[in-house]
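Heads up: the sequence lines are chains A and B, in that order. Be aware that the first sequence starts at 1, since it is given in the working numbering, and climbs by one per residue. Be aware that the second sequence starts at 1001, since it is given in the working numbering, and climbs by one per residue.
Bear in mind the hints are in silico, worked out from the structure with no lab data behind them. Using N, Cα and C, we set each Cβ at its ideal position, and we do this for glycine too. Do not rely on the hints blindly, as some may be mistaken.
Claimed, not checked - Straight-line alpha carbon distances no greater than 30 Å define the calculated DSBU-like cross-link-like pairs of lysine-lysine that follow: (1) A:K218 to A:K41; (2) B:K1147 to A:K218; (3) B:K1041 to B:K1092; (4) A:K298 to B:K1147; (5) A:K240 to B:K1216; (6) A:K314 to A:K333.
To be verified - Just a few of them, taken from the derived set where beta-carbon distance is under 7 Å, the chain B residues facing chain A: (7) F1058; (8) R1064; (9) G1113; (10) P1206; (11) E1208; (12) T1217; (13) H1228; (14) A1241; (15) V1245; (16) E1267; (17) W1271; (18) G1274; (19) T1276.
2 protein chains.
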Amino acid sequence: MAMKRALLAVLTFGFALTFGGLATAQTADPLPSWNNGKAKKSIVEFVAKVTKKGSPNFVPPSERIATFDNDGTLWAEQPMYFQLFFALDRVKALSSQHPEWKDKEPFASLLKGDVKGALAGGERPILEIVMATHAGMTSDEFAQIVKDWLATAQHPVTQRPFTEMVYQPMLEVLAYLRANGFKTFIVSGGGIEFMRPWTEEVYGIPSEQVIGSSIKTKFELRDGKPVHVRLSELNFIDDKAGKPVGINHHIGRRPVAAFGNSDGDLEMLQWTAGGTGARFALIVHHTDAVREWAYDRKSHVGQLDKALDEAQTKGWTIVDMKQDWKVIYPPAKR
Amino acid sequence: MAMKRALLAVLTFGFALTFGGLATAQTADPLPSWNNGKAKKSIVEFVAKVTKKGSPNFVPPSERIATFDNDGTLWAEQPMYFQLFFALDRVKALSSQHPEWKDKEPFASLLKGDVKGALAGGERPILEIVMATHAGMTSDEFAQIVKDWLATAQHPVTQRPFTEMVYQPMLEVLAYLRANGFKTFIVSGGGIEFMRPWTEEVYGIPSEQVIGSSIKTKFELRDGKPVHVRLSELNFIDDKAGKPVGINHHIGRRPVAAFGNSDGDLEMLQWTAGGTGARFALIVHHTDAVREWAYDRKSHVGQLDKALDEAQTKGWTIVDMKQDWKVIYPPAKR
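Given the sequences, and given the hints that come with them, work out the whole structure.
Shown next as structure tokens:
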């Protein structure tokens, strides 16, 4: 009897610990920066149903692929894409090596501080600026340039480092999905080698799970040392219909959940939502002019028009940033 | 006292189980199909040193990237690449829909059974055969065609299914590395969408860790249903200097271990071995004319010439298949 009781004590103690652990895990809110509402509820319900063994909606862990747009979905994108701030700063930093830029557009306008004028020509001046600042070095050198820039650059409105203009509620979604067996990927129109140097630290997303636009690279031996040289030639534009193509190329299977904020994400959301079984498609709607920015159908950056209509028609989750998010950014680090 | 003893019994029983488990794990040979020799020793020593915390050679789990060529490294490649058998079988299967092939090379020779004649022109006829058999359908349809073919096709010499002509000793290396925190990737000249339908089942490598050659794809909605259409246009050749480019594009960091068997793998091995810290580069040398095939410097398939010289100069691990491998293939399943 004594032995039986002792065993019982040990087992009970053990179970108590286990139950305690479970209770904590179940009652702790995985999305504390989200107000209770339809958006939060839809995320939690989706995760619950696809992870419940035996449920008709169960998704095996290997198929739990979630893809996230970056600009406007994981971090801010106003008043212009942050990678463009990087490019403009690089033009200034490199201008002493390029005396010819003083008389050559779009560089001349840029160096005079006229960003609007420099970019007025649309895609072509942007491409020229990108190639002048993103090509010619090795991939390792470029990664270091990006890191050095991020270490000191500040957003012109908030004065925050750009990596602290990520959305706290979305960081929680990333962590919540991973805690439930999801692999999280970035699928961005931004440069793949612009993002990889910092996505692991900032988002917990390793470089092999980052998909983006790219220029071509060339492998060569320099004095016997192997390097990747970045060439002035576009390789892939990971935007609009390019997003599902990038997903197919890098991941090779259809996501079960996708998160975006603009018409550039529409095809990714269509591809994700168009599969069989449980599916989740979410759009971050920028509705908070006070704490962030409010823009959608007429915006030059992150235009959300067709995708907003389709989200409403198809019942995708639409996040009303002003209503749904308790905070926008994580606490400042410096 | 009784309680103390009982507790002790429970704890002892528990510890005994634990110790028993550990002892088994430590003494079981992770590479049972490898003869004891330099090659096996080099693999085990590399894994031991990069996983030992506090060691100067320690590699954190996120950096434990290992890349494997496929043809000739993970499965056989003689008398010709297995994907070419697939393409030839597809030409036969599709010939009734293409009456014009009777008078058009390389199809005419192929359909008469003259493979050598059909492929005599080098890259061009091969490309024509690939495009005629690999493009025009959706990615999902293509995956099904590959699976259906693998379910019945047999190797002409061994009469085995092609997926049973994988190398048992290499399956053990894959599992051993993964058990030690490595992410294992395929980096093959073969088609990315030809491999993905079966690599998870056969190698334990999920589709998002498969890198290969590709044709372009196009995303579109067909009656509202999103599909990826395979186009008759080359996208990327993942061979020779293309291999490190593919690795950089898909993974975004340098592997610490790479495995190949031919000159097509040389640049991948250079890129891997050229980094700082502990590095591992291995070449499978096909030396067993009885159990497999013996070929190297003069072979038309899987030529191993420059890479063999460089492996010897740089002290990379060279597997002598005849000496180092106890068995070649896993036990037959059917």
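Quick rundown of the hints versus the structure:
| no. | hint | result |
| --- | --- | --- |
| 1 | A:K218 to A:K41 | violated (47 Å) |
| 2 | B:K1147 to A:K218 | violated (34 Å) |
| 3 | B:K1041 to B:K1092 | violated (47 Å) |
| 4 | A:K298 to B:K1147 | violated (47 Å) |
| 5 | A:K240 to B:K1216 | holds (16 Å) |
| 6 | A:K314 to A:K333 | violated (40 Å) |
| 7 | F1058 | violated (18 Å) |
| 8 | R1064 | violated (11 Å) |
| 9 | G1113 | violated (35 Å) |
| 10 | P1206 | holds (6 Å) |
| 11 | E1208 | holds (5 Å) |
| 12 | T1217 | holds (6 Å) |
| 13 | H1228 | holds (5 Å) |
| 14 | A1241 | holds (5 Å) |
| 15 | V1245 | holds (5 Å) |
| 16 | E1267 | holds (6 Å) |
| 17 | W1271 | holds (5 Å) |
| 18 | G1274 | holds (4 Å) |
| 19 | T1276 | violated (11 Å) |
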